[in-house]
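S.K.: Below, each chain spelled out in residue letters.
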Amino acid sequence: MQSLRKASGNKLTAMMQVRNERGRYLEASLAQLSDVVDEIVIVDDASTDGTPELCRAFPKVVRLVELRRPMFGEEWKLRSLLWETAVSTDPDWLLAIDADEFLERRTIRRLRELIDQDQYDWAALRMFDFWGSLTHYRDDLWWNLHRRHTMMLVRHLPGFHYAYPKWDHHVPRLPFTCSALPGLRSELRVKHWGWAGDTSDRLAKYNRYKELDPDGRWGNVDQYESILDPAPNLVRWVEEE
Amino acid sequence: MKPTTTTSDRPCVVVFPDAPWNNTLFSAHLSPIAAKHPIRWVTNNPQRSLAGAPSNVTALSTGELQRVDWSRVTAFVLHPCWAAAVLPLRPRLLGAWTAGEAGEDQLEANWRGRLAGEASFVMTLSEPYYLDLSFRRDNVFVWDGADETSDWFASQAGLWAADGTDPSPLCRLQRQRREAAYREKLSERGENSVFMFYRSVYLYLLGDTAGAERELLGAFEHAVLQGDEHALDGIYRFRSALLASQGKLKSAVQAYEATATTPIERARAEELRRRLADGEHELVAVMLLRLNDDHREAAARLEKLVDELATRVGGDTEQANVADDENGESDAGGVQHAKGSTKDMRTNADGQWSNLYADHTSTARQLLVDSLLQSGCVRRASQWLGQRAALSAKDRTDYELLQGTALLLNGCRREAILSFLRATEMRQDAIGALTELSLLDAAVQRLADGGTATLR
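From first to last, the protein sequence lines stand for chains U and X.
First residue of the first sequence: 1, per the UniProt record's numbering; consecutive thereafter.
First residue of the second sequence: 1, per the UniProt record's numbering; consecutive thereafter.
Label pairs and their in silico Cβ distance ranges:
1. Asp90/U x Gly227/X: 30 to 36 angstroms
2. Pro182/U x Ala393/X: 36 to 42 angstroms
3. Glu271/X x Pro182/U: 19 to 25 angstroms
4. Ala210/X x Arg208/U: 41 to 47 angstroms
5. Pro32/X x Glu74/U: 54 to 60 angstroms
6. Arg148/U x Arg214/X: 30 to 36 angstroms
Because the hints were derived from the structure by calculation, they are not lab data.
Using N, Cα and C, we set each Cβ at its ideal position, and we do this for glycine too.
Turn these sequences into a full structure, and let the hints steer you where they fit.
M.R.: Below is the structure:
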C-alpha cells in the first residue's frame with residue numbers, strides 16, 4: 001500500500017468540460033496542455049460543432065465523454081461527471097482548466113514544483129480576466145478575480161470524500177471538500193481569455209447569463225450588467241517568464 | 001420494564017458527597033431517589049451536611065463505614081476524591097456521579113477518570129463528557145436537561161441502581177433517544193454540521209457504522225462550507241474509525257492518512273500502512289480506533305487479540321495454507337487477524353514466526369494497558385502489565401506507580417505505599433504519588449466534615 005502523497009513522479013491530468021468550442025481557443029489550449037500535463041480528460045456537453053473531433057486529434061486526450069443532451073443547466077452534475085471520469089484514469093494530480101484558460105509561461109515552468117511535494121494537496125493560482133484583447137486584463141469592482149486565489153490543482157487522494165455543491169450554475173471547478181485539506185496559495189498566474197473577444201462576443205455572453213439567471217440567483221445581477229460597461233478599467237498584461 | 005430484584009431486604013443507598021446537601025450539584029437529581037429510598041449520607045458533621053435535606057436522608061459517619069454490609073449497598077460517589085476510600089469497600093453497585101471537567105486540575109481529573117473507569121456506571125451532567133466517557137466505557141448516562149425522555153432514562157437509571165439493579169439495559173435506550181433527538185432537530189432546523197456530527201457519534205455508539213458514516217460525511221460537507229478549520233481533523237478523521245469498525249481497513253487507513261498533516265500524524269499513517277501490508281489487520285483496526293479515542297472498543301479487541309496471540313505463540317502452524325486477504329477489505333476483525341497472522345507464518349516459514357508473534361503480542365499488550373489506563377481501568381491495566389514488560393527504569397517506575405494505585409483501589413494501602421516508595425527510589429519525582437495520597441486523605445476529611453474539596 002503506497003502513501004497517498006508522493007513527493008516526485010506525480011502524474012498530472014488536466015480535466016476540462018467543453019461545449020461548442022471549435023473556432024475559439026480550444027485547439028490552442030489543448031496544444032499548450034499537451035506540452036504541460038501527462039493526460040487530458042474531457043467531457044463534451046453535447047457540442048454540435050465538431051468539438052469532440054478536435055479533442056480526439058490530441059493524443060494526450062485519454063478519455064472523452066460525449067454527452068448527447070447538455071447538462072449545463074445542472075452544472076454540479078456535469079462537474080461531478082468530469083471529476084469521476086478524470087479520477088477513473090488514476091491521476092496523482094488534477095488540473096481543472098477551461099478551454100479558454102492558459103497558463104502563463106512562468107506557471108508552466110514551475111508547475112511540477114507545485115505538485116512534486118508531499119506537504120499540501122491543492123494549489124490555488126491567480127486568474128486574470130482578459131478583456132477585449134489578449135493584451136489587457138480587467139481590474140475593477142466587479143472584475144477582480146485575480147485579487148483572490150482560484151483553486152485549480154488538487155492531489156487525488158483515493159477514498160477521500162469529494163463533493164460538489166448541488167448548484168445549477170457557478171459551481172466551483174473542483175470539489176469544495178478539497179479545501180479542508182492543506183493547500184498552497186501561489187502567486188503563479190493564469191490567463192482567462194473568455195472575455196477577450198469583441199463586443200458582440202461579450203453581448204452574447206451577457207444575454208446568455210441573463211437568460212439562465214435573470215434574478216441573479218446563482219451569480220450577481222450587477223456583475224452581469226457590468227459586462228456592458230463601455231469603459232472598464234483595463235491593465236496591460238506583462239508576461240512573466 | 002425494570003427487572004425485579006432478587007433480594008428480599010431492600011438495598012441501601014450510601015452517598016459519598018461532593019458538598020453538603022444544600023450545595024451539592026446533584027440535589028435535584030437525588031431528590032426523586034430520596035423520595036423513594038432511604039439514603040445514608042456519609043458525613044461526620046450531620047448538622048452542617050444535612051441542613052435542608054429530606055428526612056429520608058440520614059447521616060453515616062466514616063467510622064461506621066466498615067460495619068456496613070456493602071454487598072447490599074449501592075454507593076453513589078459524587079466526588080472523585082472518595083475513589084480510594086470507596087472502591088475497596090466493594091459495594092454491590094457503584095455509581096460515579098460527575099458534572100464534567102470544567103475548572104478541574106489535572107490531579108482531580110485523574111481521580112475522576114479512575115473513579116469513572118472503576119465504577120459500575122457513571123451519571124454525568126454534561127453531554128461532551130458523557131460522549132467522551134462513552135468512548136472509554138459502557139454504562140454511562142447523561143442527565144443534562146436537553147431532552148425530557150433522555151432525562152427520564154437517566155432518572156430511571158438512578159432509581160434502578162438505588163434498588164440494587166444494574167441500570168445497563170437503560171444505557172442503549174438512552175443513546176437511542178439521544179440519536180432520535182438529533183434526528184428530530186435536524187428535521188426541524190435543517191442540516192447543521194454540529195448536529196449531524198453528534199448524530200453520527202450516537203449512531204456509531206449504537207453500532208450503525210454505515211449510518212454514522214453517511215451522517216458524518218454530511219457533517220463534514222457543512223463544516224467545510226462554513227469554513228470550519230477543524231473539518232478535517234475534528235470531523236473527517238472519525239471516518240477512519242467508522243471504516244475500521246466495518247472491517248474496511250485499507251479505506252480506513254486512507255481516511256486517516258488524508259487527515260494526517262503533521263509529521264507525527266504522517267509517521268502514524270506510515271506505520272499503519274506498513275502494518276497493514278504485514279497483515280497485522282486487527283492491530284491496525286485497534287490503532288485506528290485509538291487514534292479516534294475509542295479506547296472502549298480498542299481495549300475489548302485488544303484483550304481478545306492478546307489472548308489469541310498468546311495461544312498462537314504456543315504453537316499453531318496449521319493455518320499456513322489459509323488464503324490471505326490481498327487488500328485488507330474483509331469483514332470481521334477476528335477473521336482479519338487470523339489471515340494476517342497466517343501471512344506472518346508463511347513469510348517466516350524458517351521458524352522465525354514465533355518471534356514475530358512475541359513482538360506482535362508485546363505491542364498489543366502495551367496498547368491494551370494504555371487503552372485501559374485511558375479508560376480509567378487501573379486495576380485491569382495492572383493485571384496486564386507484567387513484570388517482564390518492566391525493563392527500563394522508566395518502565396519499572398511506571399509499573400510501581402500503577403501497581404501502587406491498583407493496590408490502593410483494592411484497599412491494600414500499606415502495599416500501595418511500598419510500591420510508591422520503590423518508584424521513588426528509581427525516580428525522584430515519583431514522590432508525587434505519596435504527596436497525592438496525603439492530599440486525597442485531606443480532601444476526604446474535608447468532604448466528611450461537610451465541606452467541599454479540591455486537590456489543588
